[in-house]
Amino acid sequence: MNLGLYRTRFALAALAVVAALLGWSLSSGKPFGSRDPGNVAFLLTSGWLAVAAYVALAAYAARRAAHRLRLSPEFAWKAKLPDLERAQSALTELQNRIVRRELGGTAAVRREADRILRQFGVHRVLAVAIEPDPAAAGLLRLATTPRQPIGRLAAWLQVHVWLGIAAALLVWWHGGLRSGSTMGLLLNGLSLAVIGTGLLGAALWTFGPTWLTRQERELSVEKVHALEQHFRRKVAAAAAALREADEAAAAALRRDLATLTGQQELVQREARRLWLWREALRLWRLVHVPCSTLLLALVGIHILAVWYY
Amino acid sequence: MPAPASSPIDQLLATPLFADVDKKQLDGVRKEAAITDGTFEWAPGAARRAGFVRFLDAEPGTPIVAQGDLTTELFVVLAGNVEAVQARPRHGACVPAALQAGDWFGEVSAHSHHPSLATFRATTPTRLAALEQRLFSKLYAEDEEFRQRIDARYLDQLGLHLRASSLCRDLDDAAIATLQQGATLLTADEGDVVAKAGEPADAVFLVRAGAIAAAAGDGPEARVLAFYKGNATFGEHAVATGDAAWPATYRALTRSALVRIPRTQWQQLAAPAQQGLVRAANRLLGRDDVDAARQAAAPDLGSRSLLDELHVMVEHESVKGGRALVIDRTKCVRCNQCVESCVAVHDDHVPRLSKVGTPVATDEVLVTACYHCEVPQCMLSCDYAAIRRDPQGRIRFEYDNCVGCAGCIDGCPYGVIRLVEPAPPPPPQPSFLASLPLVGRFFGGAPAPAAAAAAPAAAGEKPRTAGAGGKLTAVAGKTIKCDLCAGLPFEACVYNCPTTAITRRQPQSLFGSGGAPR
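Quick mapping for you: the protein sequence lines, in order, are chains C and F.
Quick note: the first sequence, position 297, residue 297 per my numbering, numbers continuous.
Quick note: the second sequence, position 460, residue 1460 per my numbering, numbers continuous.
To be clear, the hints were calculated from the coordinates, so they are not data collected in a lab.
Note that the structure is a prediction, hence the values are computed from the model and not measured.
Ideal placement from N, C-alpha and C gives every residue a C-beta, glycine not left out.
Among these hints, one or two may not hold up.
Said to hold, decoys possible - With a straight-line cut-off of 16 angstroms between C-alpha atoms, the simulated EDC-like cross-links for lysine to aspartate or glutamate are:
| no. | chain 1 | residue 1 | chain 2 | residue 2 |
| --- | --- | --- | --- | --- |
| 1 | C | K78 | F | D1483 |
| 2 | C | K80 | F | E1145 |
| 3 | F | K1023 | F | E1145 |
| 4 | C | K80 | F | D1390 |
To be verified - Not close to chain C: a few residues of chain F, all C-beta gaps over 12 angstroms, as computed:
| no. | residue |
| --- | --- |
| 5 | S1007 |
| 6 | P1060 |
| 7 | A1406 |
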């Protein structure tokens, strides 16, 4: 079970906003989605917050795509290898100075480390962590790590999950699940589809890997693919031998070929079964992604329509 | 002090290190230097490469090698003076050696791939020659004179190495000198027994190069309990506890060089030094072979699975790696984002990551990515100086020198290096206007008939590179392996995993102790 999907401090912020709006709505005494003039402030606030959440949700998909297409700004910050190595060498010497007690204090060490990173132009690539050295009391230890400037995709997914839940609640309180108009019907319907498939996806990604690993413990998809190729070669070789064999040897070769073909079918069946289970983990995206895209477009139209009319 | 000589290479060969060295070996050194400075005459069609000897100048105060840097070169001082400054926790800095023209340093790193033991910096304007590890190893293996001089200087400077070991790092200079006096060098071939279980333990060993495995039991029942590599010591219990016998059998996993310091030498230390040593030895023993051996010998093998797993790690030599790439299959949603990210960051669009690896623990897979080995066989197999170690210990390819001979692929014991077709040179990008449909040809978008006719002929040729090595031959292919996304502010596979299933971890963290993932 992968509960890491949900462990983020951002969840608290999302829940706080949601709780505040719920408190506001309940204290006003008006039903969700009421168009009463006294409820306009709530409608506007919840509406704009939902739009902001949708934009942030889309940013997760944008970040994935930007990385795949090398459009992410980090690619432009790539450092030259000699600069990187010179900087790391200088940081090693800085560590030696700390050990020789020529330099002390976190602030001074931090200043010097930053100066080195900037001097070699690698401050956007490397980060230096300064920690107390467990092996020597009173000394500091430097550790370099990749800077990871826009955060790991896993953190973006955690935010995506919690913002998705918050956005669904905001849409509910904003529109009250009204389906009197085509636009209302579409917006609410799509919202439900998106949050439904999203929750299904979150559940599948939480429990699916453990279940799948259990299924693959004996034979993984990678091993099955290797076996498939192995049997393909063996069957082709046996078929070729059969074509060139005389009558006496043909009977034995036919039996061999039949055995091999039978084993090949078993492996293919296993491959299909494992492949289907793997696919099951991402089928939900077939609904989630198109519905989300359409929902974003309709939200834009909804804002323009409200503004215009 | 060497006699003044005309050229740097003559200066180098006139140093005491090369006196009486076999002429054939000296010719080899001369040739490597000539390759570096471009005066070597190549046979027509021969593949060029960078030489294994280079010359460098250092200004006063400039560090030539920093303590802790991983370097594989042996430095010979041709002119000027160099000082060694060694930093030790709780002791500050000490200057254990002053070197002058004709002296050398870096033999420990060149011999055992150990990080530099001290910072070596010029104190006057200095000229040095740097011999690459491959050339050093050849000279060391094949020339007796050269080996004896290197070993004698190593023993003279043994204090540098002893101060860097966990056991002796707190000893004062007098104690180090005492230990140094009784030390002898020992070489063990693969499989040789250095110390046998049950026999009297009368010395402490420092691993200078290679690797030693301590095992309990014999034959198929033998269990590997601990693994000692460069800079590790074993036999501390002889000093600390007065135990009379070796608790396990210590066997060389590869050809190994050891320093043997007899117990009598330790007993000569002054009382405070002895107490400090016993404390250090007990600290080491807390997690060392003696306890493990006793556990293994006990009837109840409570830690049997742990020992089995350690055995797997030793078998696969993943213990040699710094941080291993691990996939937690109970978190992996099989989205393939890691491989796709790996493709995205490499210009040739070939992934370096293969998710097939060694299953360890219960549901974790140790991905077979480059371990950046301590003794990289790929580097030893490369005849073209196309593989080197950077100051942080990572193994890097120098594509300017690589001719795609695939020697490193044969050399790598883990099969992590692959040969791919070299990427064809990218076609010239048309301007925006030239790329427009229909009207683009008015802005030079249509290919010239002559260029279009020449293209198929050029497509059949293998690409050539014009790097520092200035290779003359066609490049057979390009070798690739995980480069840790060199130069980028992230490791793509770790950075882009949506569920933190793939992480870099200390190999030992797979057994539940330390090494938090990042």
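- Item | Violations among the numbered hints | Going through the list in order, the structure violates hint 2 alone and respects the others.
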